[in-house]
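Generate the whole structure from the sequences, applying the supplied hints.
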Amino acid sequence: MKDWGRKLSEEKEFFSVEETANLLKVDVRVLQFWEEQIPLFNPSINEKGKFYRKEDIETFMKIKDLLYKEGMTLSGVRRKLLQGRKEMEGSPLYNLLKEVKKELLLILTILENNDKN
Amino acid sequence: MGLNKLLSKRPENVIKKLGKDSKICLLSSKDIFSCIYDLNISIIACNTRIKWVIPGIMKAAKETEAVVGFELARTECNLEGGYTGFTPQTFFETLIEFAEREKFYLPFFIHADHTSVRNNSSEEIEYARKLLKACYEAGYTSFAIDASHNPLEENKRITLELARELDNEGFGIEVEVGEITSSGEAPKITEISEAVDYISFLFDNGLTPDLLAINNGSKHGNYKEGEEIFIDLKRTEEIFSAMKKWRVGIAQHGTTGTPDEIIKKFPFHGIKKVNVGTLWQNIAHSNLPPELFSKMKEWSENQRKDIKYANKEFKKEIDTIGKEYQERIAYQSYKEAIKLIKNLCSIGSANAVVERLG
Chain A
404 MKDWGRKLSE EKEFFSVEET ANLLKVDVRV LQFWEEQIPL FNPSINEKGK FYRKEDIETF
464 MKIKDLLYKE GMTLSGVRRK LLQGRKEMEG SPLYNLLKEV KKELLLILTI LENNDKN
Chain B
5 MGLNKLLSKR PENVIKKLGK DSKICLLSSK DIFSCIYDLN ISIIACNTRI KWVIPGIMKA
65 AKETEAVVGF ELARTECNLE GGYTGFTPQT FFETLIEFAE REKFYLPFFI HADHTSVRNN
125 SSEEIEYARK LLKACYEAGY TSFAIDASHN PLEENKRITL ELARELDNEG FGIEVEVGEI
185 TSSGEAPKIT EISEAVDYIS FLFDNGLTPD LLAINNGSKH GNYKEGEEIF IDLKRTEEIF
245 SAMKKWRVGI AQHGTTGTPD EIIKKFPFHG IKKVNVGTLW QNIAHSNLPP ELFSKMKEWS
305 ENQRKDIKYA NKEFKKEIDT IGKEYQERIA YQSYKEAIKL IKNLCSIGSA NAVVERLG
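Sequence lines, in order, name chains A and B.
For the first sequence, the tail end lands on 520 under the numbering used here, and the numbers increase by one without skipping.
For the second sequence, the tail end lands on 362 under the numbering used here, and the numbers increase by one without skipping.
In short, the hints are calculated from the structure, not lab data.
Yeah, the Cβ is synthetic: ideal placement off N, Cα and C, and Gly gets one too.
Hints should not be assumed to be uniformly reliable.
Cβ-Cβ distance ranges computed for the label pairs, FRET-style [claimed, not checked]: (1) B:E229 x A:R482: 47 to 53 Å; (2) B:E104 x A:S447: 36 to 42 Å; (3) B:K238 x A:E450: 40 to 46 Å; (4) A:G452 x B:T79: 46 to 52 Å; (5) A:L496 x B:S12: 52 to 58 Å; (6) B:S12 x A:E422: 42 to 48 Å; (7) B:K343 x A:L508: 38 to 44 Å.
Here it is in structure tokens:
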């Protein structure tokens, strides 16, 4: 847990599949299976390969904790996390934050365009 | 997963040992193999001669939702401790202790591998009966009767006599025709007619085995240097197809050393159970404290015995190795188990069982 915390607090935004597997101490084939089973991941894929985001690593950590600390099965974890996401998506706060994110992204684009000009 | 419903399917002997409230999902292999019969899935059955490989295998199964089996053969584990030092009772207790520790609550089975009956003497049959009873009382959920060393007619008679009661109680039953040889010995591939004759006799007499072990060319133990690896998958599939009306799957023995390209074909040739033993022992031996392993090697050389016999001789020392060695063995076993589970199309196999039984 200490390792995860330290690595995640670093400036790094993206983690390769191997880095993620080492960080979590799971096999790369397990990551792939979890990603297929629990559709909550949003990795970036480019010509260099697949890279997980910080949020993806946090989701993997949550899965591992639920498996080993709570003693849940992966199916149980899937149900819990998907239910959690569904509840979150239905909440007014989530919708508000989504709107804020949209606005901020718009402002960022405008600022970037201004810089270019 | 309908795991709670699945827990109610645990056999009586298991509930007696674990108590009703236990979350350990130890099922009869009959239930498990009936669920995967129509699927191209092979399940690994691990002969865990050294206990430190067990948590790695359980972790791999847990993270990939795979069904696994744990087993030891009569020579490995018996009333006197076999060559691993395990009795059925201590083997069962060890597995359950690790399952609790790892919070391993997926379906699995414990199998009495190769309960061999080498001749038709009453002493030999009586010993096998006693051993099967001890395994049943310990909490095993699956049993292999291996009378394949005997002529076919004797094999039929002995199998029927020893397996009937366990079969009636709903336990998984594995039987064998065509003795599987050790490395260095020439194989005698099982004939289709021999397998059909044997299985039809058993069914005609009311026995309903789930798995048939055949000689398809594989060998027990490590292959000798330069020894050719040949597994007759064509014959394997022909035998599987010839037994379709009885829904009997093939049990593959002697997997250690088999190339991945061949292992990947197993699920598509009627092989439902894949026994892996020496691989786990190799992993454990290569990660033991070097001074301990040197002592074991020296002992086996002096005794002119295979290194596997050193497992019992040094059991006390093996069982008390330091944590770093335990973890190294568990990690290597985890990696190998994941690879096998993936190659045998067994990722998610626990879900197949839950969907059908739960």
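Checked hints:
A beta carbon spacing of about 51 Å between B:E229 and A:R482 agrees with the range 47 to 53 Å that was offered as a hint. Our hint of 36 to 42 Å for B:E104 and A:S447 holds, since their Cβ atoms are close to 40 Å apart. Hint check: B:K238 to A:E450, Cβ distance near 43 Å, so the stated range 40 to 46 Å holds. Checking the proposed 46 to 52 Å range against A:G452 and B:T79 shows it holds: the Cβ atoms sit about 48 Å from each other.
A beta carbon spacing of about 42 Å between A:L496 and B:S12 contradicts the range 52 to 58 Å that was offered as a hint. Under the hint 42 to 48 Å, the C-beta atoms of B:S12 and A:E422, about 43 Å apart, fit the expected range. Separated by about 43 Å at the C-beta atoms, B:K343 and A:L508 satisfy the suggested range of 38 to 44 Å.
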